[in-house]
Amino acid sequence: MQELVDVITTSMQSGDGVESLIAKADAPPDELNEYVNIIQALQTSLVPQEPSADFSDRLRADLLDRDAGLPSRFRQMPARVQVAAVLAIFFGCVLFVLRRIFGSEPPGEIQEEAVVTPL
Amino acid sequence: MRNPFAKRVDYQALDERELVALAKDDMEAFGELYERFMQKIYSYIYYRTGNAHDAEDLTAKVFFRALSHIGAYVDKGAPFQAWLYRIAHNLVANWHRDQGRRKIIALDDYVAHSLKSDAPDRLTEEREEQDQLMQALRRLPDDRQQLILLKFVEQMSNAEIGEIMGRTEGAIKSLYHRTLLALREEMEIDLTSDRNRRLDGSEG
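Taken in sequence, the protein lines are chains X and R. Be aware that the first sequence starts at 1, since it is given in our numbering, and climbs by one per residue. Be aware that the second sequence starts at 120, since it is given in our numbering, and climbs by one per residue.
Please keep in mind that the hints were generated in silico from the structure rather than gathered at the bench. Keep in mind that the hints are not guaranteed to be accurate.
As the list claims (entries may be wrong) - List of simulated lysine to aspartate or glutamate pairs, DMTMM-like, C-alpha gap at most 20 Å:
#1 R:K292 with R:D309
#2 R:K180 with X:D65
#3 R:K180 with X:D57
#4 R:K195 with R:E137
#5 R:K143 with X:D65
#6 R:K159 with R:D144
#7 R:K292 with R:E247
#8 R:K292 with X:E3
#9 R:K292 with X:D65
#10 R:K292 with X:D6
#11 X:K24 with X:D6
Using the sequences and the accompanying hints, generate a full structural model.
As structure tokens, then:
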């Protein structure tokens with residue numbers, strides 16, 4: 001019976017008639033018609049639901065904003081900003097390296113003075 | 120000016136597997152997954168909770184949870200939506216436990232476009248029948264409700280339902296048959312109690 005009920009359901013869902021299936025089946029037609037009625041009622045009642053466009057858009061924005069990592073944020077930036085950011089990082093690194101190589105230590109006297117100055 | 124760093128990917132053209140792999144560290148890919156599955160998940164949760172407000176709240180939780188766990192997602196061959204439905208199913212189960220109640224589905228929101236008749240009398244009758252059916256459906260165990268919703272709302276095959284519910288196709292067929300029998304019994308109980316109530320009313 002479970003096979004037959006499954007075939008009837010599939011047939012109804014694809015919009016085909018079930019009369020021939022019921023006529024050919026070994027099971028009593030009254031019993032099968034009861035199944036058909038329930039399946040029909042479920043088909044009529046259970047239709048897909050859609051959320052409001054407002055909710056859908058808001059949730060999408062919340063999800064994408066929340067977890068936007070550095071690479072994806074970078075990709076979304078305008079090209080000029082990206083070029084500027086790359087140049088800034090590059091020259092920043094160059095400056096850092098140069099300061100490490102040729103950088104000057106702060107004078108010792110000033111350091112000592114800073115330590116002993118009362119607040 | 121052409122953006123030399125921009126990664127041009129046609130997300131809509133990607134299949135589910137490629138999209139899921141990308142979505143682990145690409146938000147646009149996750150956004151495309153959201154577009155593909157959000158409405159289905161919402162629809163499922165709507166019928167399980169019975170109202171739009173909680174459906175929206177839980178749908179948001181499903182996708183935030185998916186976003187925070189997608190990095191650990193392992194493709195075992197099942198469709199991605201099976202994973203999303205499992206998250207939704209667990210959240211709905213928690214919601215029912217927390218609420219400690221089972222709401223009756225809000226038919227008002229969708230009955231208008233699913234009823235067939237224009238005649239007021241027939242319309243009322245159809246509405247009562249649908250109401251009765253939904254109440255009977257909501258008295259069934261969780262797994263049976265899930266099966267009916269996936270089969271009728273999402274029009275999924277037994278194999279697809281099996282992947283989501285972690286059962287074989289044969290087990291789904293069998294459960295479906297038992298669910299229809301249970302639904303018929305529930306509706307008969309409703310009819311009998313309705314008849315008794317009417318008789319009591321007419322005698323009183």
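For this session: Provide an ascending list of the numbers of those earlier hints which the structure does not satisfy.
Result: Per hint list: 1, 6, 7 and 9 violated.
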